[in-house]
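If you want the building blocks of each chain, they are given just below.
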Amino acid sequence: MDTTVATTGTEGQKWGGGATRPLGASYGKMMMWFFILSDALTFSGFLAAYGFSRFKFIEEWPIADEVFNHFPFLHGTDAPMFYVALMTFILIGSSVTMVLAVDAGHQMNRKKVSFYLLLTVIGGLIFVGSQAWEWKNFIAGEYGAVKTKGGKILQFLDAKTEERIALDEFVQVGPRDLQAYGESEGIWYETSGDIGATYTIDEVRKGFAANPNIVIRTQQLEVNPETGASEKIVLSREESMRRLQTDAVSVVEGANLTENEYGAPLFADFFFFITGFHGFHVFSGVVFNLIIFFNVLLGTYERRGHYEMVEKVGLYWHFVDLVWVFVFTFFYLV
Amino acid sequence: MADHAAHHEHKLAIFRGRLKFKNNVQKIWGVLIFLSLVTIVEVALGYIKPDFLNGKFLALKYLNWIFIILTLVKAYYITWDFMHMRDETSGLRRAVVWTAVFLIIYLIAILLVEGDYIYEVYKDAAVSFDF
Numbered sequence: 001m002d003t004t005v006a007t008t009g010t011e012g013q014k015w016g017g018g019a020t021r022p023l024g025a026s027y028g029k030m031m032m033w034f035f036i037l038s039d040a041l042t043f044s045g046f047l048a049a050y051g052f053s054r055f056k057f058i059e060e061w062p063i064a065d066e067v068f069n070h071f072p073f074l075h076g077t078d079a080p081m082f083y084v085a086l087m088t089f090i091l092i093g094s095s096v097t098m099v100l101a102v103d104a105g106h107q108m109n110r111k112k113v114s115f116y117l118l119l120t121v122i123g124g125l126i127f128v129g130s131q132a133w134e135w136k137n138f139i140a141g142e143y144g145a146v147k148t149k150g151g152k153i154l155q156f157l158d159a160k161t162e163e164r165i166a167l168d169e170f171v172q173v174g175p176r177d178l179q180a181y182g183e184s185e186g187i188w189y190e191t192s193g194d195i196g197a198t199y200t201i202d203e204v205r206k207g208f209a210a211n212p213n214i215v216i217r218t219q220q221l222e223v224n225p226e227t228g229a230s231e232k233i234v235l236s237r238e239e240s241m242r243r244l245q246t247d248a249v250s251v252v253e254g255a256n257l258t259e260n261e262y263g264a265p266l267f268a269d270f271f272f273f274i275t276g277f278h279g280f281h282v283f284s285g286v287v288f289n290l291i292i293f294f295n296v297l298l299g300t301y302e303r304r305g306h307y308e309m310v311e312k313v314g315l316y317w318h319f320v321d322l323v324w325v326f327v328f329t330f331f332y333l334v
Numbered sequence: 001m002a003d004h005a006a007h008h009e010h011k012l013a014i015f016r017g018r019l020k021f022k023n024n025v026q027k028i029w030g031v032l033i034f035l036s037l038v039t040i041v042e043v044a045l046g047y048i049k050p051d052f053l054n055g056k057f058l059a060l061k062y063l064n065w066i067f068i069i070l071t072l073v074k075a076y077y078i079t080w081d082f083m084h085m086r087d088e089t090s091g092l093r094r095a096v097v098w099t100a101v102f103l104i105i106y107l108i109a110i111l112l113v114e115g116d117y118i119y120e121v122y123k124d125a126a127v128s129f130d131f
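Protein chains in written order, with my numbering: chain C, 1 to 334; chain S, 1 to 131.
These are computed hints drawn from the structure, not numbers from a lab.
You may find that some hints are simply not true.
[To be verified] Just a few of them, taken from the derived set where beta-carbon distance is under 10 Å, the chain S residues facing chain C: (1) H10; (2) N23; (3) V31.
The model shown is predicted, which means the values in this text are computed figures rather than measured ones.
Positions of the beta carbon are idealized from the N, C-alpha and C atoms, including for glycine.
So here's chain C without its partners, still in its complex pose (with noise of 0.2 Å):
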């Protein structure tokens, strides 16, 4: 049989398998590490992804500031960011009951793991509930705003205050042509152009001629050169006017997937996929953290003798807010 058996050359090495054990990892550790890399590299590709669109559209990006200015019970007031901070220290937060929770089971205490892991639990129900509520304020929209024929956005403003304002502000609802017919009728209809909107292009170009003091701000981008700061161009009265009467074609309120209020309908698009797809990931690890939760109560691991799932689960836990921090500078700050 001594002939069979081929020598390496590397018994007793590091390399020579055996006891040694060269990443001083256990396996499902290593692993959570290994899937975490892939996760960060498919995260990078969104996120570099959004890069590339976000310079080939310079210009009609949508300024974050403008977009995500809302903040709860505050109406009306212009919070730019301040949420998404709150948000973001609710994740660090969570973050560190999780550390808080790995080093008691270190210490194989029991009470303090779950308690902590309780907090961290709550901590990222907190922010998915944060993130539906940011959601929910970018669908609505705020101003509402006018496309042009090549899908541009046209966006309205006070001439003297160069302040936003919204459609409501200036716009009445006529008469309109339509049959109180939907679906509760069981008639099927496909919602296009004006039907479903709250108004129609011509209501906002009669709102827009009774109101000398709009003027409209487009996409494009001047260089102020006092400041050195990029600002979006804003028409004279006539020049507005003639936008509005010759390249409008529709109303736009809020975002979706094919329209977005703010600037480019790409934006809006990344906005839901990298921001649901990083949601979904603070879910599932809620979702593991309380299945270890309550393994925890059950005294599972203490039976093992350690807690070394906890900290497969924290890494996961930690990563979700690792990628937090790069979404909330390339979404909101940059």
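Given the coordinates of chain C, work out where chain S should sit on it, guided by the hints.
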């Protein structure tokens, strides 16, 4: 399992050894304070948007460079201290971190250059895309 017990020592110093903590729990809170401070700075800069940071370096504003660098700093401390990468062997650390860093830099460089090129094509094209 005895090998799990062997894993319990943590490296307790951060900032290249300048700040040492007494135990792991203290280090966790210390890192939380640091991460919160960085986030507060980011949000403050994003809110004020100081004019003197409008200059550009490599097609990005200084302000955006600051955001990206601060984000990488946060990512480092989350990975090193919350995910305990600091305590892993250098082999595992390099297998995970170097792979990601190399592939991500490669991907981003290619895609951003390409995106900017398409923007220029749209902008200078004989056909107007704004109508």
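Status of the hints after comparison with the structure:
Taken as an interface hint, H10 (chain S) checks out: its beta carbon lies about 9 Å from the nearest beta carbon of chain C, inside 10 Å. For N23 (chain S), the shortest C-beta to C-beta distance to chain C is roughly 9 Å, which falls under 10 Å, so the interface hint holds. Given the 10 Å rule on beta carbons, the hint for V31 (chain S) holds: about 8 Å separates it from the nearest Cβ of chain C.
Of the numbered hints listed earlier, not one is contradicted by the structure.
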